[in-house]
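Asker: Each chain, written out:
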Amino acid sequence: EAGVAQSPRYKIIEKRQSVAFWCNPISGHATLYWYQQILGQGPKLLIQFQNNGVVDDSQLPKDRFSAERLKGVDSTLKIQPAKLEDSAVYLCASSLRTGFGNTEAFFGQGTRLTVV
Amino acid sequence: AQKVTQAQTEISVVEKEDVTLDCVYETRDTTYYLFWYKQPPSGELVFLIRRNSFDEQNEISGRYSWNFQKSTSSFNFTITASQVVDSAVYFCALSEAVFGNEKLTFGTGTRLTIIP
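Those protein sequences? They're chains A and B, same order as listed. Sequential numbering of the first sequence, starting at 1279, is according to the working numbering. Sequential numbering of the second sequence, starting at 286, is according to the working numbering.
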């Protein structure tokens, strides 16, 4: 079974530029998550999708971050304009179903973003 | 609000020694789920275990074992006879048992180094 695919693996941009990350979840997984992991910290949820609808985006900085999951499959996370503090690893994860918190999430390898 | 504390930032042990990673959590929920994930240098988070709040039985899987104690809000992880391949960052995480929301709250992680 193929895992969660993310691209690119690495990205370096200048502040105020825009950047986009792509994620393809495990086939059949209805729930998709984007997490931000700053160096030395644990991942923090940015947004959770159930199919193509947003379940939780309470920690997404909506003035600069946006995400979409068209057709309920793959997803794109965008940052525009980027700030230095956005330097982090962006992890995508997916899980089989939504149900009372008892389903483990499978993570991709992440995209390491450096903003200079 | 939920919180996960991993007080040990870094641990180094010599190969074949046993090592315990501590995890303390806070939640107001009576029903919740606890997780451990491993993050090797490649970056992806690898699921290790899920435990629900009603099941306080300890679990053993090969060289790994987990000790869940509700009375102290702890969910500790022990590796027996450690190996170099166990070197990674380990995260403890908590999720609510709320239908449709499986957001994981992560601790800050413990970096484990196994010295050959």
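Worth double-checking, as some hints may not be accurate.
To be verified - Below, a list of computed lysine to any residue pairs in the SDA-like style, where the Cα atoms sit at most 25 Å apart:
| no. | chain 1 | residue 1 | chain 2 | residue 2 |
| --- | --- | --- | --- | --- |
| 1 | A | K1340 | B | T363 |
| 2 | A | K1289 | B | S359 |
| 3 | B | K323 | A | A1366 |
| 4 | B | K323 | A | K1340 |
| 5 | B | K288 | B | T363 |
| 6 | A | K1289 | B | W351 |
| 7 | B | K323 | A | L1317 |
| 8 | A | K1361 | B | W351 |
| 9 | B | K323 | A | K1349 |
| 10 | A | K1322 | B | E311 |
| 11 | A | K1289 | A | L1374 |
| 12 | A | K1349 | A | W1300 |
| 13 | A | K1289 | B | E341 |
| 14 | B | K323 | A | S1285 |
| 15 | A | K1356 | B | Q293 |
| 16 | B | K323 | A | P1286 |
| 17 | B | K288 | A | E1292 |
| 18 | A | K1361 | B | T393 |
| 19 | A | K1289 | A | G1318 |
| 20 | B | K288 | B | E341 |
| 21 | A | K1322 | B | W351 |
| 22 | B | K288 | A | E1382 |
| 23 | B | K323 | A | I1304 |
| 24 | A | K1340 | B | S350 |
| 25 | B | K288 | A | E1363 |
| 26 | A | K1322 | B | K301 |
| 27 | B | K323 | A | K1361 |
| 28 | B | K301 | B | E381 |
| 29 | B | K323 | A | Y1288 |
| 30 | A | K1289 | B | Q293 |
| 31 | B | K323 | A | L1374 |
| 32 | A | K1356 | B | T316 |
| 33 | A | K1293 | B | T290 |
| 34 | A | K1289 | B | Q287 |
| 35 | B | K323 | A | E1292 |
Worth flagging that the hints you see were computed from the coordinates, not collected in a lab.
Asker: Each of the hints needs a verdict: does it hold here or not?
Answerer: A quick look at each hint next to the structure:
no. : hint                  : result
1   : K1340(A) <-> T363(B)  : 40 Å, violated
2   : K1289(A) <-> S359(B)  : 38 Å, violated
3   : K323(B) <-> A1366(A)  : 18 Å, holds
4   : K323(B) <-> K1340(A)  : 30 Å, violated
5   : K288(B) <-> T363(B)   : 21 Å, holds
6   : K1289(A) <-> W351(B)  : 37 Å, violated
7   : K323(B) <-> L1317(A)  : 16 Å, holds
8   : K1361(A) <-> W351(B)  : 40 Å, violated
9   : K323(B) <-> K1349(A)  : 31 Å, violated
10  : K1322(A) <-> E311(B)  : 17 Å, holds
11  : K1289(A) <-> L1374(A) : 29 Å, violated
12  : K1349(A) <-> W1300(A) : 14 Å, holds
13  : K1289(A) <-> E341(B)  : 43 Å, violated
14  : K323(B) <-> S1285(A)  : 21 Å, holds
15  : K1356(A) <-> Q293(B)  : 34 Å, violated
16  : K323(B) <-> P1286(A)  : 22 Å, holds
17  : K288(B) <-> E1292(A)  : 34 Å, violated
18  : K1361(A) <-> T393(B)  : 23 Å, holds
19  : K1289(A) <-> G1318(A) : 19 Å, holds
20  : K288(B) <-> E341(B)   : 20 Å, holds
21  : K1322(A) <-> W351(B)  : 24 Å, holds
22  : K288(B) <-> E1382(A)  : 19 Å, holds
23  : K323(B) <-> I1304(A)  : 19 Å, holds
24  : K1340(A) <-> S350(B)  : 41 Å, violated
25  : K288(B) <-> E1363(A)  : 23 Å, holds
26  : K1322(A) <-> K301(B)  : 33 Å, violated
27  : K323(B) <-> K1361(A)  : 29 Å, violated
28  : K301(B) <-> E381(B)   : 36 Å, violated
29  : K323(B) <-> Y1288(A)  : 21 Å, holds
30  : K1289(A) <-> Q293(B)  : 31 Å, violated
31  : K323(B) <-> L1374(A)  : 20 Å, holds
32  : K1356(A) <-> T316(B)  : 35 Å, violated
33  : K1293(A) <-> T290(B)  : 33 Å, violated
34  : K1289(A) <-> Q287(B)  : 32 Å, violated
35  : K323(B) <-> E1292(A)  : 32 Å, violated
Comparing the model with each earlier hint shows violations of hints 1, 2, 4, 6, 8, 9, 11, 13, 15, 17, 24, 26, 27, 28, 30, 32, 33, 34, 35; every other hint is respected.
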